[in-house]
Every structure is written in C-alpha cells, then in structure tokens.
Amino acid sequence: MPARPPLNRSLDGFGTTIFAEMSALALATGAINLGQGFPDTDGPESVREAAVRALRDGRGNQYPPGMGVPELRTAVAKHQRRFYGLDPDPDTQVLVTAGATEAIAAAMLALLEPGDEVIAFEPFYDSYAACIAMAGGVRVPLTLRAPDFRPDLDALRAAVTPRTRLLLLNSPHNPTGTVLTPAELSAIAELAVERDLLVVTDEVYEHLAFDGTHIPLASLPGMHDRTVSISSAGKTFSFTGWKVGWVKPFSPAYWTLAA
Amino acid sequence: MSGRPLLNRRLDGLGTTIFAEMSALALATGAINLGQGFPDTDGPEAIREAAVRALRDGRGNQYPPGMGVPELRTAIADHQRRFYGLSFDPDTEVLVTAGATEAIAAAMLALLEPGDEVIAFEPFYDSYAASIAMAGGVRVPLTLRAPDFRPDLDALRAAVTPRTRLLLLNSPHNPTGMVLTGDELTAIAELAVERDLLVVTDEVYEHLVFDGGAHTPLISLPGMRDRTVSISSAGKTFSFTGWKVGWVTASAPLVAAVRTSKQFLTYVASGPFQYAIAEALRLPDDYFTAFRDDLQAKRDLLADGLTTAGFEVYRPQGTYFITTDIAALGEKDALAFCRSLPERCGVVAVPNSVFYDHPDAGRTQVRFASCKQHAVLAEASSRLQRLES
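Chains H and W, in that order, are what the protein sequence lines are.
Counted from 1, the first sequence has number 135 at position 135 by our numbering; the numbering is strictly sequential.
Counted from 1, the second sequence has number 344 at position 344 by our numbering; the numbering is strictly sequential.
Source of the hints: derived by calculation from the structure; they are not laboratory data.
Please note that a few of the clues may not be correct.
Calculated lysine to any residue pairs in the SDA-like style (CA-CA distance at most 20 Å, straight line) [unchecked claim]: (1) H:Lys235 to W:Gly30; (2) H:Lys235 to W:Arg59; (3) H:Lys235 to H:Gly212.
Next comes chain H alone, as it looks inside the complex (with noise of 0.2 Å):
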C-alpha cells in the first residue's frame, strides 16, 4: 500500500454517510427504518411493464445516446411545458442523468473553477458539500432557521461576493420541507440577474408540495439563460433504483459530463 493515503484532501471527511451508518444500525436492531428517503411500495404497474417491454423489445440494452433517448427528452419537454408552461427543445436543452445526483455533480464539475464560491441553503443534502468540494469550489452556507426554515434574503444578498459563480438552490427543501414563494423566487432572481450568478436548481422533490405548487426559478423573468433546472423521476415515480433524471440547461457545453 502506497505511503500517502489513498483519499484526497478535499474529500476528506466525506467517507460513510450518516445514512449507511442509520441503516446498519435499522438493520442489526430490526427497528422500522425512517432514516432513509425510498419509498417501501414501487411505483405504477404499469410503469414497471414499460420496462420490461423495452427490455424485451431490445430498446436500451445498448448505449443510449448520450443526451437520453428522443422519446425521453421528448417526454421531459412535455412535462415542463404541461406543468409549468417553459418549452424547452428536447434536442438542445434537455439533458438525462444518472439521477439528480449525477445532475447535480456533472454541473459543479462543468461549471466551477478552483476557488469559485456555491451560496447553498443548509442544512444540505450531503451529496451537494462533497460535489462543489470535488470541482475545487467553495460552500458558503445560507443557514435556515427553524420553526419556518424560510431563507435570510438580506443575508443571501450579503453572503454574493465577487467570487460567486452560482446558486445551489432546493425546493422543497429536503430535510426542512420549505418550498420557495413567489416572492422568495423573485427577490432571488433579482440577485441573480444584477449579480450575474448562475443557479443550479435541485427540484427533486417538484410533484410533493402541499397546500402550494413548485414553480420552477427558471420560469422567472432574466432566469431562462442563467439556470440548470434539475429533476428526476425516482420520488415522482417511486422508482429510486431506476436512477433516471433529467436537467434543462441553458447551454449544451457540458454533454459528455454524462457519464
């Protein structure tokens, strides 16, 4: 074994999830596993049929294309223009992933350079501290505060240095549950045009707000060019293992970051 330690410097800490160490832990006491975000039940039947015909009818054995297949970006496209009036091209503007994971770690790999800083809400899904630390950025956390979780925008405007290169937004928020008003979004917005911010947008989560609806940032006024709208199909579908998800980006510079 090599002298220096197998592990980089800026990964470090980052080892075991709290999430694997939770379920050991579910696993060796028998005791009902709340801890960990999948469903217990599948999704729609017939989604799972979907499946097994293209399996059978040799549709996906292969290498799909590298930005998804037609039908599905197609499908994407649909989707956003059914549920939030945007019309993205499903040649040039849709992208699908591993995910929102893989999404979410090809987008602070393309678009940071060492030492740019992310303004992120925390507390954060973990996977967000550890991409921005493998593309050599900063996390400048904007703290969420309980009973309502809503965000400081008069902090958010203090904390855009000029070394900003981008917002990593969630809504709904795990774990806080917040979504983002009208009024939220606008103001965020704002700060992104005057400040000529990019915003990774994480909306996961986009088909479970109650008593309210999700409106994608990217619907806003000056947001269309500057942000990459991120979802997937796992929480919407109840299909985690699947790892199918998708991003709209404004530019199709980063393609091959699809693994």
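With the hints as your guide, set chain W onto chain H.
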C-alpha cells in the same frame, strides 16, 4: 447568460466527442456504423429475463445499497476467484459502479490531488483525459506505436517523476487490441512497487483475448494487491452495454476511497440490472468460450475484408476493435478520411488521432468496431472494396 464562459478551463476542448459526430453522420447517410463500440445483438435471453424477474419481484426498484446489492458483490468476488484465483471480500473489497466509466472517474476524483501526474498509454479512451482533468491531475502519455503497439518499458520508467501518483492502464487495450504479456506485467509491477505508485487497471475486455491467449489482472502480481484498483464491467462481456453495471475490486482502503467519490457521482445505479448481472457472472464456461470464439471469428472476417480493401491491418490480440493504417491507401489524414468514408462507401469508422495527445502518432490510423453481426461485417467489407477503384 453569465458573462464568463460556462465550461471550466480544465474541460475546454472536451465538449463533443468524435463518437457523437460520427454517429450523427451514420444516421444522416444511412452508413453502416462501425464507429461506436457496442454490439448490434443483445446478450443472452436468460439474463434479460433475469432483469424482468427482478423488476417484477421488486428487487432493485428502490435504491440498492451504496456498495451494490450483496448478490452481485458476491458474484463478482466468485468471478475473480473462478477466472483468476483471486480472493476479495465481497463486503469491503468489491464496489458496484455505473459502468467502468463511473469507476474510472471516481478513482481519479478520489485518488488524485491537483497537480498529480498520471501515466496512461496513448492512444487512450477519451474519458481518461476528461477524468484526469476533472480531478486536476496532469496526463502523461506513453505512446504505443504501430505495428505491434507494445509499451516501451524504458520510456515508462523514464516517465515516472516524484509527482507521479498513478498508472492508468488498459489491457486488452482499446483501440489497438494490444494485450500486455506476462513479462510486461511483471516489469510494470516492479516499477510500481519500486516507485510506490498506485495502478488503476481498466479490464473491461478481459473476456476478449484471442488466439489462445489469456488476460492476467495486474492485481494478481507480487506487491500489487494493495496498490491496484482493478476495474471491469458487464457491458462488453454480456452484450448489455445499456445497463451500465461496472465494478471495482481492490483492497478495502482503496475501495473505501473510490466509494467516497463514487457515492456523490451517481450515488447508486442500475438497481434491477445488478441482480441480472449477478446471474450472468455465474454463466457456465461455455458462454464465455463461445462469446470469445464468436468475436474472434468476427475480428477475422473484418480484418480480412480490410486487408483486401487495401488497409494495413494491425490484427488485434483482444477487444472488439481493429486499428488500421490508411497510408497504404494513399490517405494522409484519418479525420478527413473518416468524415468522407460514409459518402465514399457507406461505412463509418473513427480516427485514432483523437485518442492521442500527440495526434501525429496516429495521423493515419483508423479504428473499426467488429462487434456486429456477421452479415453486417460482410456487407461493410464488401462496401470497403470500392475504396481502391
């Protein structure tokens, strides 16, 4: 739109791969696509039905464990014992990934510090350069030269500096088909031990070594067990490239390091397919032998066709690619040749020059994929005969 360029400088120039361009050309012209390396026939029906059963039984429809499902990790460990006599603990020394591509990216992102040097054979698979760049590493190419593409071991030794962190090796080698010999593996292992280097080995063509040869994992050599990250995948061996099931076998500390970055790249992938590949890895020897013999026959069919058409053919020892030289046809530039080939005779290939840091070394080399049906290869061969006339 932000004023700064969107893509960071490390990834500049890696925007669109040659495969995308050539596949689009194939689609536009209706040419036979021997550019991209995936089979035109799916793998065994029994394995496909294993995936159907997993889907219907609700196995893998939700997040599998981060390391991969236990059934697959055990099957991978058993495969390493059966074919190579290697022993890995399925709980700590085997990691399932979203194909070998993710494994390579995760290894680079985990093991490299910015400025670390990585020595890799060129021509190389294009994801190597991108993965090293994303990790802030520095690529140091070791050029494999025609006609036999053996690595120059003196040059390799000379390429190692105090900044060298790891060797990224690929055998059987895409695109040249070179398979490292026992002597070469021994020399590489001795060098790695002497200079205290890690080695990452891409072994996805492990079951495609022809002419009675065999693949030997570098990790099986003395001193290598604790410094090698061995990577392979199911896509090539079982002809289900779309399922994206790959794996890492290595010592527990190295697996832990690679898992750290891997869990944030895709977290997990390919839920139901993990169960199907667990069954595939247990197929009887007949499957592996018949698969290899079939691909060897296809290599021979296409290699003969290319020779008759006037190409200089570097007959590969393994993989399902054939590298050729077009100088014998009076051609000077592989990229221009490949762009004109669909119109000239209805076949698509890719220029090896894009796999080099020193494009001159591969200026007249062109790669053809031989993993297609016999009839398709025969038709492609027949079309290529038009070139000389």
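Results of checking the hints against the structure:
1. In summary, the hint linking Lys235 (chain H) to Gly30 (chain W) is not supported, as the alpha carbons are separated by about 40 Å, beyond the 20 Å threshold.
2. Taken as a hint, the Lys235 (chain H) and Arg59 (chain W) pair is honoured in the structure, with Cα atoms around 17 Å apart against an allowance of 20 Å.
3. Proximity of Lys235 (chain H) to Gly212 (chain H) is assessed by CA-CA distance (about 18 Å); at most 20 Å being required, the pair is judged to hold.
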